[in-house]
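2 protein chains.
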Amino acid sequence: MKRVSIKDVAKEAGVSVATVSYVINNTPNQSISDETSLRIRKAVTKLNYIPNLNARSLASRKTNLIGVVIPQTEPGKEFMFSNPFYGDLLSSIEYTARQHSYHLLLSGPEPNQSYINIARNRSVDGIIIVGAYPTKGLDELRQLDIPVVLVDTYVKDPVYHTVGIDDRLGGKMATAYLIEKGHSKIAFVSGQIEEQGVMQKRFQGYRDALEDAGIPFHQDFVYLGNISFEYAQATADEMLRRGRIETAAFASADILGMGLIKGLRRQGFHVPEDLSIVGFDDVSLAQMADPSLTTVRQDISAKGKTAVQFILDAVSGNIEKQEKILPIHIVERESVKNL
Amino acid sequence: MKRVSIKDVAKEAGVSVATVSYVINNTPNQSISDETSLRIRKAVTKLNYIPNLNARSLASRKTNLIGVVIPQTEPGKEFMFSNPFYGDLLSSIEYTARQHSYHLLLSGPEPNQSYINIARNRSVDGIIIVGAYPTKGLDELRQLDIPVVLVDTYVKDPVYHTVGIDDRLGGKMATAYLIEKGHSKIAFVSGQIEEQGVMQKRFQGYRDALEDAGIPFHQDFVYLGNISFEYAQATADEMLRRGRIETAAFASADILGMGLIKGLRRQGFHVPEDLSIVGFDDVSLAQMADPSLTTVRQDISAKGKTAVQFILDAVSGNIEKQEKILPIHIVERESVKNL
Chain Z
205 MKRVSIKDVA KEAGVSVATV SYVINNTPNQ SISDETSLRI RKAVTKLNYI PNLNARSLAS
265 RKTNLIGVVI PQTEPGKEFM FSNPFYGDLL SSIEYTARQH SYHLLLSGPE PNQSYINIAR
325 NRSVDGIIIV GAYPTKGLDE LRQLDIPVVL VDTYVKDPVY HTVGIDDRLG GKMATAYLIE
385 KGHSKIAFVS GQIEEQGVMQ KRFQGYRDAL EDAGIPFHQD FVYLGNISFE YAQATADEML
445 RRGRIETAAF ASADILGMGL IKGLRRQGFH VPEDLSIVGF DDVSLAQMAD PSLTTVRQDI
505 SAKGKTAVQF ILDAVSGNIE KQEKILPIHI VERESVKNL
Chain L
205 MKRVSIKDVA KEAGVSVATV SYVINNTPNQ SISDETSLRI RKAVTKLNYI PNLNARSLAS
265 RKTNLIGVVI PQTEPGKEFM FSNPFYGDLL SSIEYTARQH SYHLLLSGPE PNQSYINIAR
325 NRSVDGIIIV GAYPTKGLDE LRQLDIPVVL VDTYVKDPVY HTVGIDDRLG GKMATAYLIE
385 KGHSKIAFVS GQIEEQGVMQ KRFQGYRDAL EDAGIPFHQD FVYLGNISFE YAQATADEML
445 RRGRIETAAF ASADILGMGL IKGLRRQGFH VPEDLSIVGF DDVSLAQMAD PSLTTVRQDI
505 SAKGKTAVQF ILDAVSGNIE KQEKILPIHI VERESVKNL
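Protein sequence lines, in the order shown, are assigned to chains Z and L. Going left to right, the first sequence walks through residues 205 to 543 as our numbering numbers them. Going left to right, the second sequence walks through residues 205 to 543 as our numbering numbers them.
Looking at chain Z on its own, in the form it has when it is part of the complex:
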């Protein structure tokens, strides 16, 4: 079956293609009679004509498409969702977008790729960038006149909307919680620390809490690799090699806490008996861990929802810059014991 075109509609209604276009796109200030308008709408219904949104977007500049950019900070990494945080966040973004008849254009550019071509070429109505570090790519985006929401970024920016949490406070909360439970030899397990990145803030919070409690910082208690289950599993081995001095660990992402639990168990050690662990994020997996993970909970669902809402607000004419810092709190589960 051949696709019904705007020409078919024009022919059926006995009007020009331009007239059909005006009516379909609700273009104002056109002197088209109600009768003509009705005839066109009847033709649209009769022929089951569906406007091509790509064509339409050129006229109305609204595509009902939100770009979601999840930069792949580790080049060539195959699994965008190896940190389940991204899967949970994308779920929430997709669900909120769907409720508003929006679709998502998903891309995971590698570090050397710029965002701007993606946004420009696709004519998205807005763009959500997750975990961007200050980059040239981000500055380039300014050339486009579309709303941009930065999720989990510490880029200081006068224009872009931002949604995030206070990661430094979170790191402090996690570490202070362990100190409160009697621990003073506390490991910090994390991915690489990037300048102005989320992990850097969590690390600063870890140091804040140690300092507040008068506990000296030991470089030996710091384990930096990548945010994956496998790395955390290997970290458990590394802890043993270094003498297993720590009684607790702050894992800066839940997936790292889960890997630690598994890695320790393979060596015959148990959580929390041999090592207490506090995670970060409260991904849906955290409850599935065994023991279930005590963690710094952020509302990932609210984060995704807010990001989409900021785009929708901007598209519907709100020109004010919006910023949201979502609350965090400790969720006590089974992975920490009193020393």
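No wet-lab data here; the hints were simulated from the structure. Ideal placement from N, C-alpha and C gives every residue a C-beta, glycine not left out. Fair warning: there could be bad hints in the mix.
[Said to hold, decoys possible] Using C-beta positions, here's what the derived DEER-type ranges look like:
no. : chain 1 : residue 1 : chain 2 : residue 2 : range
1   : Z       : 362       : L       : 474       : 49 to 59 Å
2   : L       : 420       : Z       : 543       : 49 to 59 Å
3   : Z       : 220       : L       : 236       : 49 to 59 Å
[Said to hold, decoys possible] A few chain Z residues facing chain L, derived, Cβ under 7 Å:
no. : residue
4   : 285
5   : 298
6   : 302
7   : 432
8   : 433
9   : 462
10  : 492
11  : 495
12  : 538
Given the coordinates of chain Z, work out where chain L should sit on it, guided by the hints.
Showing chain L alone in chain Z's frame:
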């Protein structure tokens, strides 16, 4: 900064917009001199003009966009990725698409939504539908002249490409493996069984294996809910209520196996000592479970890659229908003991 338009390029090169369009889109059979063509390409470079792909798609009908449809079989379900299989699959699709400069248009239509408007309105080059049951929506897609790949479907179709596994064989392998280890009281834990759906096939395989071994089928050993960690956890309680007769369970998705492990542990029982479990899929989580999950492994990464490849093949002119059944095998880990 104002966006550079095709008009600016035409002005710079001293030619008409149509001429620029012909050159940019490599439209054949146009008598444009090499010199003019060169002048236009120089103007494009000088002005840093980036063609609007939406506009371009109207002419060349190539958008470098692949629609990925993950039907939300449970209405209103917020988390597309509550079964981590989808996150793993999407990761692989995204990675493969990225390697070929394609982007993904992600949508999770609810059961009452049709796919066709999504595909038609967005002018995608092709569409990948995951886990579709025979529906009217699928038939409607025939009206569009774009390649469609059905992943994990048992819809018999003369046109659409398909990628899948032999789910019935997989169910049989899982169950036969447990029988081989001495079990005969084997639970089947699953989401709802839909006609011609993946879970129905796995269930048939479960019954095949029982029948082959001369073990009578017990309706009491069948637990049907939804494919979530929470449901599986509750299933552990239900097993106890029914008297805990089973010595093993075939969990038709790994996430169910993980929920069972946790649910049993909460009741003071252990896997595999008190219940042996075989999962299905080998999602990346399966290794993270504790005990790690013995499961029917399918190559999720190859599944996503193949689906994208079928679209690319079709876009580049291959008109043959392609079908691929990927191999599966049992991965032995720690969740099964000999009875």
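Agreement of hint residue 462(Z) with chain L interface, Cβ distance less than 7 Å: Because about 6 Å separates residue 462(Z) from the closest Cβ in chain L, which is inside the 7 Å limit, the hint holds.
Hint check, residue 298(Z) versus chain L [nearest Cβ-Cβ separation less than 7 Å]: holds (6 Å)
CB-CB spacing for residue 543(Z) and residue 420(L) relative to the 49 to 59 Å hint: For residue 543(Z) against residue 420(L), whose Cβ atoms are near 54 Å apart, the range 49 to 59 Å holds.
Chain L contact restraint for residue 432(Z) - C-beta distance below 7 Å: violated (10 Å)
Interface hint for residue 492(Z), Cβ within 7 Å of any Cβ on chain L: holds (5 Å)
Interface hint compliance - residue 302(Z) to chain L, C-beta minimum distance less than 7 Å: holds (6 Å)
Residue 495(Z) as an interface hint toward chain L, with CB separation required under 7 Å: violated (9 Å)
C-beta pair residue 362(Z), residue 474(L): status relative to the range 49 to 59 Å that was hinted: This hint holds: roughly 57 Å between Cβ atoms.
Cut-off 7 Å, beta-carbon criterion: hint that residue 433(Z) touches chain L: Hint holds; residue 433(Z) Cβ to chain L Cβ min 5 Å, cut 7 Å.
Restraint check, 7 Å cut-off on beta carbons, for residue 538(Z) near chain L: violated (11 Å)
Hint check for residue 236(L) and residue 220(Z) - Cβ pair distance inside 49 to 59 Å: Violated - the Cβ-Cβ distance for residue 220(Z) and residue 236(L), about 30 Å, lies outside 49 to 59 Å.
Restraint outcome when residue 285(Z) is required to lie within 7 Å of chain L by C-beta distance: Holds, about 4 Å.
Figure legend: structure checked against the earlier numbered hints; hints not met, in rising order: 3, 7, 11, 12.
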